[in-house]
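Trainee: Residue numbers (the numbering used here), protein chains in the order written: chain A, 2 to 300; chain B, 2 to 300.
Honestly, the hints are just simulated from the structure, not real lab data. Check before you lean on any hint, since a few could be wrong.
A pair counts as met if it fits within one copy or between any two copies, since identical chains are not told apart.
[Stated by the list, open to error] EDC-like cross-link-like pairs, simulated, lysine to aspartate or glutamate; straight-line CA separation at most 16 angstroms:
| # | residue 1 | residue 2 |
| --- | --- | --- |
| 1 | K189 | E225 |
| 2 | K258 | E295 |
| 3 | K163 | E127 |
| 4 | K182 | E225 |
Remember, predicted model here, so these are calculated numbers, not experimental data.
Number of protein chains: 2
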Amino acid sequence: MALTVIGSVALDSVETPFGKRKDVLGGSATYASLSASFFTPVNLISVVGSDFEEKHIKMFTKKKINTAGLERKKGKTFRWKARYHYDLNYAETISTHLNVFEGFRPGIPPCVKEKDNLLLANIDPELQSWIFRQIKPRGLVACDTMNLWITHKKKALLKLLKKVDLLLLNDAEARQLSGEKNLIEAAKYISSKGTRMVVIKKGEHGALFFCGKLHFIVPAYLLETITDPTGAGDTFAGGMIGYLSGKKKITDSVLRKALVYGSILASFTVERFSVEGLLRTTPKRLKDRYNHFERLTRF
Amino acid sequence: MALTVIGSVALDSVETPFGKRKDVLGGSATYASLSASFFTPVNLISVVGSDFEEKHIKMFTKKKINTAGLERKKGKTFRWKARYHYDLNYAETISTHLNVFEGFRPGIPPCVKEKDNLLLANIDPELQSWIFRQIKPRGLVACDTMNLWITHKKKALLKLLKKVDLLLLNDAEARQLSGEKNLIEAAKYISSKGTRMVVIKKGEHGALFFCGKLHFIVPAYLLETITDPTGAGDTFAGGMIGYLSGKKKITDSVLRKALVYGSILASFTVERFSVEGLLRTTPKRLKDRYNHFERLTRF
Numbered sequence: 002m003a004l005t006v007i008g009s010v011a012l013d014s015v016e017t018p019f020g021k022r023k024d025v026l027g028g029s030a031t032y033a034s035l036s037a038s039f040f041t042p043v044n045l046i047s048v049v050g051s052d053f054e055e056k057h058i059k060m061f062t063k064k065k066i067n068t069a070g071l072e073r074k075k076g077k078t079f080r081w082k083a084r085y086h087y088d089l090n091y092a093e094t095i096s097t098h099l100n101v102f103e104g105f106r107p108g109i110p111p112c113v114k115e116k117d118n119l120l121l122a123n124i125d126p127e128l129q130s131w132i133f134r135q136i137k138p139r140g141l142v143a144c145d146t147m148n149l150w151i152t153h154k155k156k157a158l159l160k161l162l163k164k165v166d167l168l169l170l171n172d173a174e175a176r177q178l179s180g181e182k183n184l185i186e187a188a189k190y191i192s193s194k195g196t197r198m199v200v201i202k203k204g205e206h207g208a209l210f211f212c213g214k215l216h217f218i219v220p221a222y223l224l225e226t227i228t229d230p231t232g233a234g235d236t237f238a239g240g241m242i243g244y245l246s247g248k249k250k251i252t253d254s255v256l257r258k259a260l261v262y263g264s265i266l267a268s269f270t271v272e273r274f275s276v277e278g279l280l281r282t283t284p285k286r287l288k289d290r291y292n293h294f295e296r297l298t299r300f
Numbered sequence: 002m003a004l005t006v007i008g009s010v011a012l013d014s015v016e017t018p019f020g021k022r023k024d025v026l027g028g029s030a031t032y033a034s035l036s037a038s039f040f041t042p043v044n045l046i047s048v049v050g051s052d053f054e055e056k057h058i059k060m061f062t063k064k065k066i067n068t069a070g071l072e073r074k075k076g077k078t079f080r081w082k083a084r085y086h087y088d089l090n091y092a093e094t095i096s097t098h099l100n101v102f103e104g105f106r107p108g109i110p111p112c113v114k115e116k117d118n119l120l121l122a123n124i125d126p127e128l129q130s131w132i133f134r135q136i137k138p139r140g141l142v143a144c145d146t147m148n149l150w151i152t153h154k155k156k157a158l159l160k161l162l163k164k165v166d167l168l169l170l171n172d173a174e175a176r177q178l179s180g181e182k183n184l185i186e187a188a189k190y191i192s193s194k195g196t197r198m199v200v201i202k203k204g205e206h207g208a209l210f211f212c213g214k215l216h217f218i219v220p221a222y223l224l225e226t227i228t229d230p231t232g233a234g235d236t237f238a239g240g241m242i243g244y245l246s247g248k249k250k251i252t253d254s255v256l257r258k259a260l261v262y263g264s265i266l267a268s269f270t271v272e273r274f275s276v277e278g279l280l281r282t283t284p285k286r287l288k289d290r291y292n293h294f295e296r297l298t299r300f
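Same shape as in the complex, but just chain A:
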């Protein structure tokens, strides 16, 4: 089944202990679309400015990501500037310029169907809700979020949770949203707000999945090189929901594999700056790392 991804397409300037990059391709929808494209056709909905280079659009097209819903507006592309210190779990945001994203309410192109799955990648929950109302999706609906929205748009986020099937957020955010220190309790609280499935991402420590009494733990792939964690969570979300979209039926086993693929795709992202890691990933390299991960974790 096709997957619609709505979120940001951005130009990031990032500094980590291992180097820096200026105005490189980023944004939640960018990482999520590229990651999902390994498994299913993707329709990307977002907006960029007149400064957005054609080569990025070509790259999406080459990856079979439909950009009919990628609006080009006069003005500058969304920009995010951040710095990571040795603890790569935390980004210090230096600046965020919404630019063309300010008040953005996208048109929905005809290629986006109600029956498709929908990934509301990390972006303002009011925009996520708006998109939801436009599309009236009948497929699986997943939502990714972050601390910024829990702090400033909690009410909108909680309202949205009643409509989505799956919420993805990190451990600190799950604690912040629920007020619960224990992650099982946090997941229970979030489920009680209407979201059947909850994925708690733990960065270099993997991820947890909760759906009623079904729990699942997936560690992260062990890496020798971590260069830039930007986009890891978005890649995880895209990989997981992309994998689910590529399957006819969502079973227990398919859900588990989807989490593992999300985790492994994120491991490619963090090895390099921007989307370089994902762009170097081939289906064969992905399958090889999946097989290696199996050997790392089987007992």
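Fit chain B to the known structure of chain A by using the hints.
Mentor: For chain B alone, kept in the frame of chain A given last:
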């Protein structure tokens, strides 16, 4: 094969956000012996003072832990006082009184054989080395350590590492000992010092195993209740080495299961204060949790 465990037997006074206990049974050799006793006969070598209650000795005996090597000296038992805040990964030590442990050089009872496996539970590496020289072990030798010894007795610890087959330490300690931020690099450094196998414990995030090119990742069991993390690492070490000691041959598969059992036994320890969690654990409850863990992690 029988397992000799040398380490501390202590009386701990611990405060966590969930309660406090005064002068309860603790110590690295206590947790490690109890944990190992699920799989193999254990000879405990340690020292206690005249204030050590007979009921604890009886408890060891009931668990088939041979206390012939548990010396009773005039004076006070080793005491440790600590406080945990909401981040249960870090204990704030309020006081450590070595008491009878000061300069302790134990006699080795005849029940301890050269051919047995040996676990040098967390204690001064000079004492660990001394024991090693007394026993001249021919079985598997594992060593657990902590930041205190890396800071103050690094030279003695590095010397000891040439003789042991397996070192256990936590992630912060692996980074401290190696000077490497990345845990794969840290394990490589430690192996280069002579220890063939390295286990890096990550608390609530599980553990990593390294032996040459063989890596293995085990997540921690998901718990709703964490009351007191004291002894989790010691329990892990005892469970892992105990399991290995109970097997005729150490294969890849046996090593993996040993790590999982270490992790699961540690989950019982942290659910309650002192050794209460371990004492409530039956072989059936252990096996049930092992089976549940399989369902939590299989994909």
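Trainee: For every hint, state whether the structure bears it out.
Mentor: Do the hints match the structure? See the list:
1. Taking identical chains as interchangeable, the C-alpha atoms of K189 and E225 lie at most 16 angstroms apart only when they sit on different chains, with a minimum of 11 angstroms there against 35 angstroms within one chain.
2. Taking the closest pair of Cα atoms, K258 and E295 come within 16 angstroms of each other both inside a single copy (11 angstroms) and across two copies (15 angstroms).
3. Taking CA atoms no more than 16 angstroms apart as the test, K163 paired with E127 passes inside one copy only; the shortest distance there is 14 angstroms, against 60 angstroms between copies.
4. In the homo-oligomer, the alpha carbons of K182 and E225 lie at most 16 angstroms apart only across protomers (10 angstroms), although the nearest pairing inside one protomer, at 31 angstroms, exceeds that limit.
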